Each structure stands twice: as structure tokens, then as C-alpha cells.
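Sequences listed follow chains A and B, in order. Residue numbering for the first sequence is 4 to 350, as defined by our numbering. Residue numbering for the second sequence is 1064 to 1352, as defined by our numbering.
Be aware that a few hints might be false.
Claimed, not checked - Anything over 12 Å on all C-beta distances counts as not near chain A; from chain B, calculated:
#1 1106
#2 1107
#3 1116
#4 1122
#5 1133
#6 1192
#7 1254
#8 1256
#9 1281
#10 1333
#11 1334
#12 1336
#13 1339
Unchecked claim - Partner residues aside, some chain A positions facing chain B, computed with beta carbon under 7 Å:
#14 63
#15 179
#16 285
Hints were generated in silico from the structure; no laboratory data involved. All values reported here derive from a predicted model rather than from experimental measurement. Each residue gets a CB set at the ideal place from its N, CA and C atoms; glycine is no exception.
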Amino acid sequence: MSGAGEGPGHGLGGRPTTGARTRSIAEAAWAAAGRDGERNGHGRTRLQWLMARFGRGTVIGIPYIWLLLFFLLPFLIVLKISFAEFRIGLPPYTPLLEWIEGGYLQIKLAFGNFLFLLDDPLYVVAYLNSLKVALVSTLIALLIGYPMAYAIARASPTWRAVYLLLVILPFWTSFLIRVYAWIGILKNNGLINNALISLGLIDSPLPLLNTEVSLYIGIVYSYLPFMVLPLYATLEKMDIALIEAAADLGCRPFKAFLTVTLPLSMPGIVAGSMLVFIPAVGEFVIPDLLGGAGTLMIGKVLWSEFFNNRDWPVASAVAIAMLIFLVIPIVVFQYYQHKHAERAEES
Amino acid sequence: MKRSPVFLYAMLAFGFAFLYVPILLLILYSFNESRLVTVWGGFSLKWYAELFRNEQMLNAALVSLRVAVTSATIATVLGTLSALMMGRFGRFRGRLLFTGMITAPLVMPEVITGLSLLLLFVSLETVIGWPAGRGIDTITIAHTTFCMAYVNVVVQSRLVGLDRSVEEAAMDLGARPLKAFLVITLPMLAPALVSGWLLSFTLSLDDLVIASFVAGPASTTLPMVVFSSVRLGVTPEINALATLLVLLATATILIAAGFMWRQERERERVATKALKTERGGSHTSSSRP
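My request is simple: use the sequences and hints to build the entire structure.
Take a look at the structure:
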């Protein structure tokens, strides 16, 4: 099955020589692949030699360079442009570095954009409102999602698979379409109002769309699966014997829940909450379609700063300020992800 | 666990009703004869006919499909490589930075990702002349970047669950890492690759915000068309489109789930068979827990 250039004894080629005790064989073999090419280089085709020599480097290099170029570098550019000034032209911002006459390099950092954000109550209110909306939505999603995840984790294996599929399915259907569905339900001549009027409960339609209520409904509805899945993952792994032991020792179910189940499911609660909270802070589509003109959220402000005012430097400053708000939750999320991955690796 | 199942099941039913009633209503009203979304005027397929006559919508759908197929494919390759790095390479230089960069897109607000990528493309164009203008290519790059983070999660969780001993045995027997990967690891990862690809495909097809930032004048995607017509009000045509998209998503996930399930059963069958051979065929049933 193997290629033509395989010499005898090179079967050991992928094997580690030293220091492999602590790592697994597979890991060490990958690591050794690079070094090994130098030693056994002659007995193979050129391609094989290249693969062995640069294989590990290539596997690491390609995704690494991609993310550096298309994920990290863009943030540095946003940071740079947030210190530029708006001008009419292409590109619509002033350069930070400029050669001026006499061989001077001039650095111009405009802090004006950030001072402007602090000065104008619109931005401060939008930030605070976004945090409030995201926090309340996360709590509601947790209150609905926790019992759901708990029920799924305790169902029989067959039903568990069906329930999980039902939780995941909305995640695969268009987000925009699902938000749109609520417009037809909540608007003045929508389904809820029509039903209430025909039942004779109300005379004139309740204003449901373009309120805070519709905003919360939209966010919780869109992000609920993100809350349920991590919660389910931790609750499913939990040892039921612990709760039985608590019950045997005379603990009431509610107290057992508070002292055993809840603390043990903390990683799921944190992961789920972060998955809802962080994107909700910067949400644009839901406040735009369901929140109406009255709701100020920072994602919407950034959008209109960019698309309507065409002020790229201020839009960049809004983005940087949003990131500063989100750094702590993002780091917490990554920490838990990291710990989760490590624990999975150990077991 | 027998404690208060009534409450739990009530919450489960409520949650599912909350998730599904809006979608079901949307599907129901796509067959409505009347233009008024809330008045039932009899069964009709006319909105579907209207949808397929809408040139702008069809063109946008083609753009979206092209972007989704390309970016899902590249994202699957890059996401699998990253999962391999994270799951099999142990420590390497810059691992912490990489971990940050591969998980952050999962939670990053879309407006920030969109803005930052647009500013990157504009800067690159002024500095090196590429990309010349924005369009399908820039949307594809943007989608690939966030989709690969999802593929990484899907593949990595599968990789963690894999039995490493088979890989190690292959390498003990002389397979080089690349060969061990191609012959042993890759086939075992196949279900994760399929679901990672499908997930990327649907995420790309669904994205409005990032595409709006990085799209050029000639490259309008389907969500962008839907968004601008939804802003003008509810139209039954969008209901028809929504129904088709929901059917597409349901079919996709059922295929993905079926694929995973078959693989799982196959593995169990092989395991049972191995067990039987080992015990001289004396046991007829699997003793797997």
C-alpha cells in the first residue's frame, strides 16, 4: 500500500526519540515528523521528504496565518482608524502617519472620537441600554433554558436524541426569517392582537411590536438554543448518584438542587450565559426589526454611524469601546472553554 | 430521577412551543391566498409562483449559494487543521494566541467582525491593490473566517472522543503521521467533517450583518434582499421563501443526524462483532452499556 521510496527500517521514522514519555505517542510523532525528515531524507521521494520536513509547520501555519490576517489584523486596523479623523474622500479618514516637508514623520492621534462618545449622551445611553437588554435577556433565557436542559438530560436516550434535534434545528434555520416570523405575530393587526380582539378581551390592539417586550422576545427566542446546549452538556454528565446520596441523607429535593445540582452545572451556566450575553450586546437585526425606533442599542448605533453617516472613525471608536466592555466576558468564556477542553482531554 | 417531572415537562413543552409556533405559523401563512398575512383567504401556491418570478431574489440566492459552498469548503479544511492543532499537537509556540483567535469569532458581535473586515479590505486595497473592489470574494473570506471557528468546535469535540490507541498503533506499525491521519483519523472524523460543512453552509447562507459590510454593489446576498423587503413590511412572498429555507434546513439536519447515527451504529456493529469473535461466538448480544 505504501509508496515506492520506503526503505527498510524507516517504519520507526515517525517515532519519538527522547522526551516522549510525558506526551502521547501520537502527539510526539507529529512533533518528530519535522526533525525526522533530516535524518531519513535520502530513502524517500522528494515529496515525502518535504511532507515530513514541513508537515507540522504547514498544518500549524495555514490556519494560523489565516486568522492573523483576517481576524487579528482587522482589529488592529479598527484600532488605528478609531484614532483617525473623518474627511471627505477615499479612504474617508485621515492617515495617522504622514511624511511632511523637511523629512519629518508626523504622527497624529485623534482622541476626539472617544471624547465625542463620552460627551454625547446618545452613546452612553446606548451602551448602558445594550448591557441592560443583554443582561435581562440572558437571565430570561437561563430561566427558560435550565429546566429544558434538565428535562432533556433526564429523558430516556431515544427521547433525548429527539429533543436535542429539536433544540438544534432552529439554530440551522435562518435567523432573519425567525425574527421576521415575530413581526407577523406581534404587530397591531397581527395574530395575537387579532385573536384577543375577536375574543372580545380588548377593543383596540395592544402595542406589542417595536417595544421592549418584543425586543426581549426576539433576543431570547433567537439565542435560547445557545443557552440550552451547554447547560445540557454539563447536566448530562452529572452523576445522578450524588443527588440520590443527598436525598438518602435527608436532603429535600429543592435543597439538593441548590447545593448539588446548581454548583455542578456552573460551567454550563457560565458558557451558556456568555454565548447569549456577548452577541446580544452588539445585536443589530433584532433591535432594528423588533425594537423599533425607540430602542437604542449600540449595534444599531454602530450600523447607522457607518452606513448612514459614513463616519468610519467614529464607527471604529464605537467598536473599540464595545470591545472594551466585552473583554471581560469574552475572557471568562474562553477560560471556561479552555478548562472544559482540558478536562475532556484528561478523561 | 422522579422529582417533579410535571414541572420539567411543562417547561420543555413551553420551550419547544416558543421555538416552533412562530415557524409553523410562517409556513401555514405561506399557503394563504390573501395578501393580508393575518386573514386566511384559502389555500394557494401563488406566493411560491411569485417568488420564482422574482429575478432579484433568484440572483441573490445564486450569489448566496456560491459564497456558502466555497466558504463552507475552505472553512472545513481550515477548521479541521485547527482542531488537529488544538487536539493533537500538544504545546506549540503561540498556542494561547491561537486558542483566543479560534474561539473569539463564536461570540464576537457581528457588527464588529463586519466593520473590522471591511476596514481590512479597504486598507489592503490601498496598500497592495488586492482585493480590487469588494464582492463575492470578500464575502467568502469573511464567512470562512467565522465558519472555521464553528468547524473547529465540531471537529475538536469529535477528536477528543476518538480512541487514540488506533492512531498510535498505526504509527507503532510504521505509518507516518500523515498516513496515519489519512487512513485512520480522517475516516473516523468524517461525520464531524460533514456536519461541520453543513453547519458552515447554513451559517453562511444566513448571515446578513457581516455580508452587508463587506459586500460590493454587484454582490447582494439573499439575506440582504430579504432584510430590505422585510423592513418595508410583511409580504407573503417572504413567507414562501421562509418555508423553503426551513425545509432545506430540516432536510440538511436530518441528513447530518442520519449520517452520524449510521456511523455510530456501524461502529457499534463492528465492536459487537469483534467482541463475539473474541468470545468464540458464545454471546449473541452486545454487552455494551
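Structure-based check of all given hints:
Every CB of chain A is more than 12 Å from the CB of residue 1106/B (nearest about 18 Å), matching its label as outside the interface. The claim that residue 1107/B is not at the interface with chain A holds, since no C-beta of that chain comes within 12 Å of its own (minimum 17 Å). Its beta-carbon lying about 20 Å from the closest one in chain A, residue 1116/B satisfies the requirement of being farther than 12 Å from that chain. Against chain A, the non-interface label of residue 1122/B holds: every CB pair exceeds 12 Å, the least being about 18 Å.
The Cβ of residue 1133/B lies farther than 12 Å from every Cβ of chain A, with a closest approach of about 14 Å, so its non-interface assignment holds. With a cut of 12 Å on Cβ distances, residue 1192/B stays outside the contact zone with chain A, its closest approach being about 14 Å. No beta-carbon of chain A comes within 12 Å of the beta-carbon of residue 1254/B; the shortest separation is about 15 Å. Consistency note on residue 1256/B: stated as away from chain A, and its beta-carbon is indeed over 12 Å from all of that chain's, at 15 Å minimum.
Listed as outside the interface, residue 1281/B is consistent with that label: its C-beta sits roughly 18 Å from the nearest C-beta of chain A, beyond the 12 Å cut-off. With a least beta-carbon separation of about 20 Å from chain A, residue 1333/B lies farther than 12 Å from that chain, consistent with its non-interface assignment. Against chain A, the non-interface label of residue 1334/B holds: every CB pair exceeds 12 Å, the least being about 17 Å. Residue-level check passed: residue 1336/B sits 22 Å from the nearest beta carbon of chain A, beyond 12 Å.
With a minimum CB-CB distance of about 23 Å to chain A, residue 1339/B clears the 12 Å threshold, and the non-interface call stands. Annotation: residue 63/A was flagged as interfacial toward chain B, and the flag holds, the nearest CB pair being 6 Å apart, inside 7 Å. About 5 Å separates the beta-carbon of residue 179/A from the nearest beta-carbon of chain B, less than 7 Å, and the hint is met. Taking 7 Å as the C-beta contact cut-off toward chain B, the hint placing residue 285/A at the interface holds, the least distance being around 2 Å.
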